[in-house]
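Asks: Residue numbers (our numbering), protein chains in the order written: chain X, 1 to 185; chain C, 1 to 593; chain H, 1 to 143.
Note that these hints are calculated values from the structure, not bench results.
All the given hints hold, so there is nothing to weed out.
Short derived list, chain C residues pointing at chain H, Cβ under 8 Å:
#	residue
1	Gln379
2	Thr380
3	Ser383
4	Arg384
5	Thr387
6	Arg412
7	Arg423
8	Phe471
Backbone N, C-alpha and C fix where the C-beta goes; we use that ideal spot for every residue, glycine too.
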Amino acid sequence: MKLFLKFDYTTVCNRVIEEQLKMFNFKYQQTAFGEIELLEKVTSKQLQEFNSSIENYGISLIEDSKKIMVQKIKDVIRDMVLNKENDVIVKTSVFLSEKLNHNYSYLSNLFSEVTYTSIENYVILQKIEYTKTLLVKQDLSLTEIAYKLNYSSVAHLSKQFKNTTGITPSAFQRIVAKRKESHLQ
Amino acid sequence: MIRITPSKLLKIVFGVGLFVILCIGGFTYKHIQELSESTEEVNDTQTLRTELEHMVYNLKEAEVGHRGFLLTHDSLFLKPYHESRLKIDQNLKRLDTLIVKDKAQRENLNQLEQDIVKRFIIFNKSLNIATDDEILTKDILLLLHEGKIKMSRIRNDISVMLELENKLLHEQQKKNEEAIGITPLFLYSILILTLLLLLLAYAKINKDLMVLKKTNKDLKIFKTLTEQAEIVSKSGTWMWKIKDNTYHFSDNLYKLLGTEPQSFEPNLESIFKYVHEDDAEDLRQEISNMIKNEDLPFVTFRIVQPNGATKHLKAHAKLIDIGFEEKQLLGVAVDVTDEFDSFNLIQERNQELERNNKELSDFNYVASHDLQEPLRKIQTFISRLETNDGEQISEKGQFYISKIKSSSARMRMLIEDLLQYSRTNNADKDYVNTNINMLLEHAKHELSDSIESKGAIITNDNLPNLEVVAFQIQQLFINLISNSLKYSKEGIAPVINISHQEVRTNTVKDIEKSLFKYHHKISFKDNGIGFEQVYAKNIFELFNRLHGKTEYSGTGIGLAICKKIVENHNGVIVAEAEPNIGTTITIYLPFLK
Amino acid sequence: MKIALADDDEDDRFFFTEAFDELKVKSKVSTFKDGIELMHYLEQAENELPDLLFLDLNMPKKSGISCLQDIKANSRLKDLVIAIYSTSSSEEDVEHTFVLGANIYIKKPNDFEKLKKVLSEVVTTNWQYITSGLNKDNFLLRL
Numbered sequence: 001m002k003l004f005l006k007f008d009y010t011t012v013c014n015r016v017i018e019e020q021l022k023m024f025n026f027k028y029q030q031t032a033f034g035e036i037e038l039l040e041k042v043t044s045k046q047l048q049e050f051n052s053s054i055e056n057y058g059i060s061l062i063e064d065s066k067k068i069m070v071q072k073i074k075d076v077i078r079d080m081v082l083n084k085e086n087d088v089i090v091k092t093s094v095f096l097s098e099k100l101n102h103n104y105s106y107l108s109n110l111f112s113e114v115t116y117t118s119i120e121n122y123v124i125l126q127k128i129e130y131t132k133t134l135l136v137k138q139d140l141s142l143t144e145i146a147y148k149l150n151y152s153s154v155a156h157l158s159k160q161f162k163n164t165t166g167i168t169p170s171a172f173q174r175i176v177a178k179r180k181e182s183h184l185q
Numbered sequence: 001m002i003r004i005t006p007s008k009l010l011k012i013v014f015g016v017g018l019f020v021i022l023c024i025g026g027f028t029y030k031h032i033q034e035l036s037e038s039t040e041e042v043n044d045t046q047t048l049r050t051e052l053e054h055m056v057y058n059l060k061e062a063e064v065g066h067r068g069f070l071l072t073h074d075s076l077f078l079k080p081y082h083e084s085r086l087k088i089d090q091n092l093k094r095l096d097t098l099i100v101k102d103k104a105q106r107e108n109l110n111q112l113e114q115d116i117v118k119r120f121i122i123f124n125k126s127l128n129i130a131t132d133d134e135i136l137t138k139d140i141l142l143l144l145h146e147g148k149i150k151m152s153r154i155r156n157d158i159s160v161m162l163e164l165e166n167k168l169l170h171e172q173q174k175k176n177e178e179a180i181g182i183t184p185l186f187l188y189s190i191l192i193l194t195l196l197l198l199l200l201a202y203a204k205i206n207k208d209l210m211v212l213k214k215t216n217k218d219l220k221i222f223k224t225l226t227e228q229a230e231i232v233s234k235s236g237t238w239m240w241k242i243k244d245n246t247y248h249f250s251d252n253l254y255k256l257l258g259t260e261p262q263s264f265e266p267n268l269e270s271i272f273k274y275v276h277e278d279d280a281e282d283l284r285q286e287i288s289n290m291i292k293n294e295d296l297p298f299v300t301f302r303i304v305q306p307n308g309a310t311k312h313l314k315a316h317a318k319l320i321d322i323g324f325e326e327k328q329l330l331g332v333a334v335d336v337t338d339e340f341d342s343f344n345l346i347q348e349r350n351q352e353l354e355r356n357n358k359e360l361s362d363f364n365y366v367a368s369h370d371l372q373e374p375l376r377k378i379q380t381f382i383s384r385l386e387t388n389d390g391e392q393i394s395e396k397g398q399f400y401i402s403k404i405k406s407s408s409a410r411m412r413m414l415i416e417d418l419l420q421y422s423r424t425n426n427a428d429k430d431y432v433n434t435n436i437n438m439l440l441e442h443a444k445h446e447l448s449d450s451i452e453s454k455g456a457i458i459t460n461d462n463l464p465n466l467e468v469v470a471f472q473i474q475q476l477f478i479n480l481i482s483n484s485l486k487y488s489k490e491g492i493a494p495v496i497n498i499s500h501q502e503v504r505t506n507t508v509k510d511i512e513k514s515l516f517k518y519h520h521k522i523s524f525k526d527n528g529i530g531f532e533q534v535y536a537k538n539i540f541e542l543f544n545r546l547h548g549k550t551e552y553s554g555t556g557i558g559l560a561i562c563k564k565i566v567e568n569h570n571g572v573i574v575a576e577a578e579p580n581i582g583t584t585i586t587i588y589l590p591f592l593k
Numbered sequence: 001m002k003i004a005l006a007d008d009d010e011d012d013r014f015f016f017t018e019a020f021d022e023l024k025v026k027s028k029v030s031t032f033k034d035g036i037e038l039m040h041y042l043e044q045a046e047n048e049l050p051d052l053l054f055l056d057l058n059m060p061k062k063s064g065i066s067c068l069q070d071i072k073a074n075s076r077l078k079d080l081v082i083a084i085y086s087t088s089s090s091e092e093d094v095e096h097t098f099v100l101g102a103n104i105y106i107k108k109p110n111d112f113e114k115l116k117k118v119l120s121e122v123v124t125t126n127w128q129y130i131t132s133g134l135n136k137d138n139f140l141l142r143l
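Work the whole structure out from these sequences, hints included.
Replies: Right, here's the structure in full:
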């Protein structure tokens, strides 16, 4: 028998972090997803131990401030795409600089430097990833998804999908369906 | 319900007819007897009457004799008197035999007899007196007088008898008449009825006879036809009467075996003399099953004719139980040698064709695929050379490099198109009901870069859903649109209009040979450079190009692929063009309504 | 980043390693000259697994498809990110390998610069999948 699971990564991560922090008796305050403020001083040795402990779950401490900022940018973009915060139609650049209190060109340069890709590309990647999730999990039509993600037309979404992944949305759906079929057999 | 067959009906009709005639005979006989009886009675009455009249006459004679004697006393007169007396006795005796039946008449006769006796007593008295006294005395006068009275009484008696006899006769006749009265009418009508029945029966027999005659004729024709059919279809028939285990073979069955008709006793053993030894055992098994099950499913076997030729026969039999007294197995054997041979030939050819096709497509694929590898390396190495050492190469060298690049690019295009052409060959594709509009959209996406760079405007009608191999039709659209983009007029934005309509096959000349009744007509009309209409057919041929390689890049395969795709879908593709005005490519795809 | 390539063509292996050398990405490329050699390496438990595995389809002895099937059937290997690296680009091949579990399909480019561009795109996209916690089941990329 095959079971298909659906994960809420945010909850999973938060739960794991919570448990680990409690295990190390750290006093803390969660300021954002992936950002924790420690309320007491801890030694670097303790931090190292904490790091190696959470690495078992595929989580690690980001030490570099640049990396932290990139992670913040990614989180904002993720929220923006997933939580439809872009209902207020503003440009990503404006939205990001407002949220993170930095000018956009700084953020953009930083992002490219660390990830070898642009913020714009990352936004598109996130949108297309979300489209994939919706196509697979929620059985929404491309028209509905285009509307949900504020695309000007289905054609635009379809074209962007093709440009990003190299395949059409319908081919994607077909492949996923066939994979599932061969798994079930 | 009891079913009355025509023949039973006939039997009934004849039985009834016979019975009625017998009855009528009986009745008639009885009546004639009755009639003759009544005639006898009339005769008897007549004789009685004559006898009575004779008697009166004789009495008168006696009286005349008696009177004569009384007057003359001449004994000469006594002679007739005596004779009369004798005659009257005889008369009485005869009357007595005549009147036997009726009681009243007998009493009358007795009265008459007594009266006659009394009369003669008076005669005798008066005669005696007369002989004693020769004169007429008072006594004689008295006696005469008395005699007269007696005479009138006799007369009265006779008239009573006659009357009674008449009455009796009359009654008898009336009775007879009554008895006979309705009988003739009755008999007559029954006779008429019987005649009618017989007539009907006759008509029926006649009709049946006609039908029988016709059926016989038909049967004869049918038999001839069957014989003809057997000869033409190379088949023979046989019959097996199961009860007495006898066989009958048709003439052509003998011919199938390569022998003269009816040249041997029709039975199973004689058949087996001709059966190919390899098939004999199987056939025996089938036959024994046939004898057991009284049925023979299709069985195929070989026979060897006396001239040595081997033939393939197919036999089949069915038990016929209706309309025959006994069960019969009716069989057919067909010579299937030709079928067998042609089937083998077709199979061989098919295999050969399949092999050829597979070889061809394998060759195509491998050639195209394997050719790409070295070419790709040439191109990659050239690109390495250009980027790494480009500056150190002389101008001429750079020119050569650019030539190598464009040649290898062209070769790549050729190979890719050839590869696509060979893939389009594959016939075993899934035909799926597809929204053609969607395929057109995909095609436009695919070409979006060049559509944007040329500023092309593409409009289209709503296209139907069709049973197609989706990626082939998409390829078709891509090729057609990219052709229109490629052969557009310089400096003028390409305008492509895609129109659709349903057409009846018989209204369009290009598709008149199609077996389908309806076609979708989809036209791609552009405002490009067009071409002379005389080339309209050539452009769909492989490697056929209308323009120099340097003017327009093209391999001459694109439209050949289009043609192949359309033909894979049982369609037709045609072109219409005018130089400097534009080109219209029209595809016709059949559909069922 | 650890990268592996199985390709029977020496020139292609050469282009591949050279391209990675010229890319800015820090990478360690190991190459295998056929499917047998590759599978032999992967099946040794002590060997490090690559972050990204490139498979040529047409290889002697053991084809890329066969390697792909073996990898997907192996519980230790089935989560490897697999990129098909082939001369062919027929729709059937592409869809077939995706259905069998490949994540990326690359048609070998005929230009070295293009090859670099493609490989860099693959690596960065793969990197995004690793670092941004994206669902790898939906990772399909055709170049």
